[in-house]
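Enquirer: Residue numbers (our numbering), protein chains in the order written: chain A, 15 to 131; chain B, 551 to 658.
The set of hints was computed from the structure by calculation and includes no laboratory data. For every residue, glycine included, the Cβ atom is placed at its ideal position computed from N, Cα and C. Careful: at least some of the hints might be erroneous.
To be verified - Covered stretches of chain A (chain B as the covering partner; in silico rule of three or more C-beta atoms under 8 angstroms from a C-beta of chain B):
id: 1; stretch: 50–63
id: 2; stretch: 121–131
Unchecked claim - Taking CB as the label site, the calculated pair distances span:
id: 3; chain 1: B; residue 1: Asp561; chain 2: A; residue 2: Lys71; range: 35 to 45 angstroms
id: 4; chain 1: A; residue 1: Tyr64; chain 2: B; residue 2: Ala563; range: 38 to 48 angstroms
id: 5; chain 1: A; residue 1: Arg23; chain 2: B; residue 2: Glu616; range: 36 to 46 angstroms
id: 6; chain 1: A; residue 1: Asp73; chain 2: B; residue 2: Ile589; range: 40 to 50 angstroms
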Amino acid sequence: DVKVTQSSRYLVKRTGEKVFLECVQDMDHENMFWYRQDPGLGLRLIYFSYDVKMKEKGDIPEGYSVSREKKERFSLILESASTNQTSMYLCASSSYLRTAFIGQPQHFGDGTRLSIL
Amino acid sequence: DAKTTQPPSMDCAEGRAANLPCNHSTISGNEYVYWYRQIHSQGPQYIIHGLKNNETNEMASLIITEDRKSSTLILPHATLRDTAVYYCVGFGNEKLTFGTGTRLTIIP
Numbered sequence: 015d016v017k018v019t020q021s022s023r024y025l026v027k028r029t030g031e032k033v034f035l036e037c038v039q040d041m042d043h044e045n046m047f048w049y050r051q052d053p054g055l056g057l058r059l060i061y062f063s064y065d066v067k068m069k070e071k072g073d074i075p076e077g078y079s080v081s082r083e084k085k086e087r088f089s090l091i092l093e094s095a096s097t098n099q100t101s102m103y104l105c106a107s108s109s110y111l112r113t114a115f116i117g118q119p120q121h122f123g124d125g126t127r128l129s130i131l
Numbered sequence: 551d552a553k554t555t556q557p558p559s560m561d562c563a564e565g566r567a568a569n570l571p572c573n574h575s576t577i578s579g580n581e582y583v584y585w586y587r588q589i590h591s592q593g594p595q596y597i598i599h600g601l602k603n604n605e606t607n608e609m610a611s612l613i614i615t616e617d618r619k620s621s622t623l624i625l626p627h628a629t630l631r632d633t634a635v636y637y638c639v640g641f642g643n644e645k646l647t648f649g650t651g652t653r654l655t656i657i658p
């Protein structure tokens, strides 16, 4: 089974801090994703990556950056944390879509519940 | 990207089939429909996906209408462990588009 591991289940940080959320997958997947989940808003895509050192903006990238130095690891960075970034953060991975006509499911970690005080 | 619409909540008796509907009238021709579920305090778990044809796996069946504007996820014999939020998700241009899902409660 695919295993996506997020470094922390719960994290509390202060406004203005630089925050790192780490995600590791063990299935040699090319694609990795970061989402945030808020009540009433569902999951929203922040950033994703198709390969090492590649990154693409999702729907809500403002205030975030990412790093992918190794294939198995994808980091989400809050450059200067703010209270409106309090949320559940979910990491996912999937194997590479060779074409738009081949579906590949994304596999999720259990999330990091981040509180910014 | 496909926008999906689901009822906010449903109940189902234990042992009965749970049928969860989803409307995705804006789906495009090459856009898959995925179903995930999320049990409290866990990440979303992949269930099944399809494009045009009906699909079945060990967890569920997926029925997609011929016009592809809606689909139904069927859990054939619901158990208490199936209590979760179920998401019907559009997939296009490498992106999943999640809605707010259906909270399914299995009643003993």
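Enquirer: Of the hints given before, which are not true for this structure?
Expert: 6
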